[in-house]
Amino acid sequence: MHTGGAPSILTGTGPSTPVTSSPSTTSPAKPPTGAASSAVGTAEQYGYGVLAVKVTVQGGRITDVSTSKLQTAEQYSQSLAQQVIPMLRNEILSAQSAHINAISGATYTSEAYAYSVQSALDALGVK
Amino acid sequence: MIVHAEEVMGTVVSFHVEPGECPAVEAHTALEAACTRLHELDDIFSTWKPGSALNRFRAGILRLPQAPPEMALVLELCDEARALSQGWFDPWAMPGGFDPTGLVKGWATEQALGILELACVESAMVNGGGDIALFGLPKNAAAWRIGIRHPWRPDALACVLKADRAVATSGCYERGPHLINPKNGRMLFRTASATVVGSSLPLCDALATALVAAEDAGPELVRSLDGYEAYVIGVDGEEDATEGIVFATEGVR
Chain A
897 MHTGGAPSIL TGTGPSTPVT SSPSTTSPAK PPTGAASSAV GTAEQYGYGV LAVKVTVQGG
957 RITDVSTSKL QTAEQYSQSL AQQVIPMLRN EILSAQSAHI NAISGATYTS EAYAYSVQSA
1017 LDALGVK
Chain B
18 MIVHAEEVMG TVVSFHVEPG ECPAVEAHTA LEAACTRLHE LDDIFSTWKP GSALNRFRAG
78 ILRLPQAPPE MALVLELCDE ARALSQGWFD PWAMPGGFDP TGLVKGWATE QALGILELAC
138 VESAMVNGGG DIALFGLPKN AAAWRIGIRH PWRPDALACV LKADRAVATS GCYERGPHLI
198 NPKNGRMLFR TASATVVGSS LPLCDALATA LVAAEDAGPE LVRSLDGYEA YVIGVDGEED
258 ATEGIVFATE GVR
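Sequences listed follow chains A and B, in order. What the first sequence shows, in our numbering, is residues 897 to 1023, in sequence order. What the second sequence shows, in our numbering, is residues 18 to 270, in sequence order.
Output of the computed footprint for chain B on chain A, the stretches with three or more beta carbons under 8 Å from beta carbons of chain B:
{"#": "1", "region": "1000 to 1007"}
{"#": "2", "region": "1013 to 1019"}
Here's a subset of chain B near chain A, in silico, CB distances under 10 Å, partners left out:
{"#": "3", "residue": "R166"}
{"#": "4", "residue": "A173"}
{"#": "5", "residue": "L174"}
{"#": "6", "residue": "A185"}
{"#": "7", "residue": "C189"}
So the derived label-pair ranges between C-beta atoms look like this:
{"#": "8", "chain 1": "B", "residue 1": "D257", "chain 2": "A", "residue 2": "G1021", "range": "33 to 39 Å"}
{"#": "9", "chain 1": "A", "residue 1": "E1007", "chain 2": "B", "residue 2": "K179", "range": "28 to 34 Å"}
{"#": "10", "chain 1": "A", "residue 1": "L1020", "chain 2": "B", "residue 2": "G77", "range": "45 to 51 Å"}
In case anyone wonders, no lab produced these hints; they're calculated from the structure. Since this is a predicted model, take the numbers as computed values, not measurements. Ideal Cβ positions, reconstructed from N, Cα and C, are used throughout, including at glycine.
Just chain A, with the same shape it has in the complex:
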């Protein structure tokens, strides 16, 4: 969730408008056996631009994760744009199923907390 903290010092390098979040699709519905289906996740502001991740599911398993949308500021070269495509293909883990006690990440704002995994863990109040 983008919270309006647009980059101020690197003027103009961030997206000019906040990202509109679409419903998250981290757990795509299981397709009919054998058929592949894809779902695009929430578009995210990630510091250098905006991207969303496309998850392809086949037979109830994630078979591919790719970047479906990538917008970077014009100041950045295309080579940099290619450089920042996330590649953690084997490391897409569901926070809901990992039985974690807490989540560590770059400091979230008070507004972003409401959408954070930590707030979900706090709401659960267990584990």
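Once you have looked at the hints, place chain B on chain A.
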């Protein structure tokens, strides 16, 4: 278990407290005291509150002898962290003047945990906006399991690590490019996320900030520090970890 979320320091600090033998009333009192302390430290070190001691100190209006004693202590901690990070964490090299934010949040979170620890609760976890201080063990578990946020997906984890005292993570994905390379002023990094595990949360916090700036040199820097481990994710998604990082693999996925 007592769970509480306190809005302070521009973020939310989460508490998970297992009182154990400690009477619930005392545990709640300690929790309140911990929150009070966080607000006190925020009043001193906020860079957003115009009248904060830090802002008056930076402006030269407030001299160190007249400042709250915490100021001298934080200056000392910052100096130490700068040396240990080989200059990659440098609060004196910030564009707006001395800015200890990269250490103070971890330090404040650790103090909040210390108050609970003194109250003799069985175990506690304090998460200061992503910087985590731990004490004891979670109920029915042999270790704390800390999810490391995926840098590009707020609802996903990059991995799960085991820790027993402190974990801090830095990156530009949550608040945009606010970090700076103290050695050349650059604000673009090949490191998307840097996590440091160790015993002191303020040092973990400072080192995590340092590691984003240090890019490829980061893990080697942490290898030189006894008791500290690092896990980093590059902007290309490449992961690197020092040898002592313990990944939790059971029950994941």
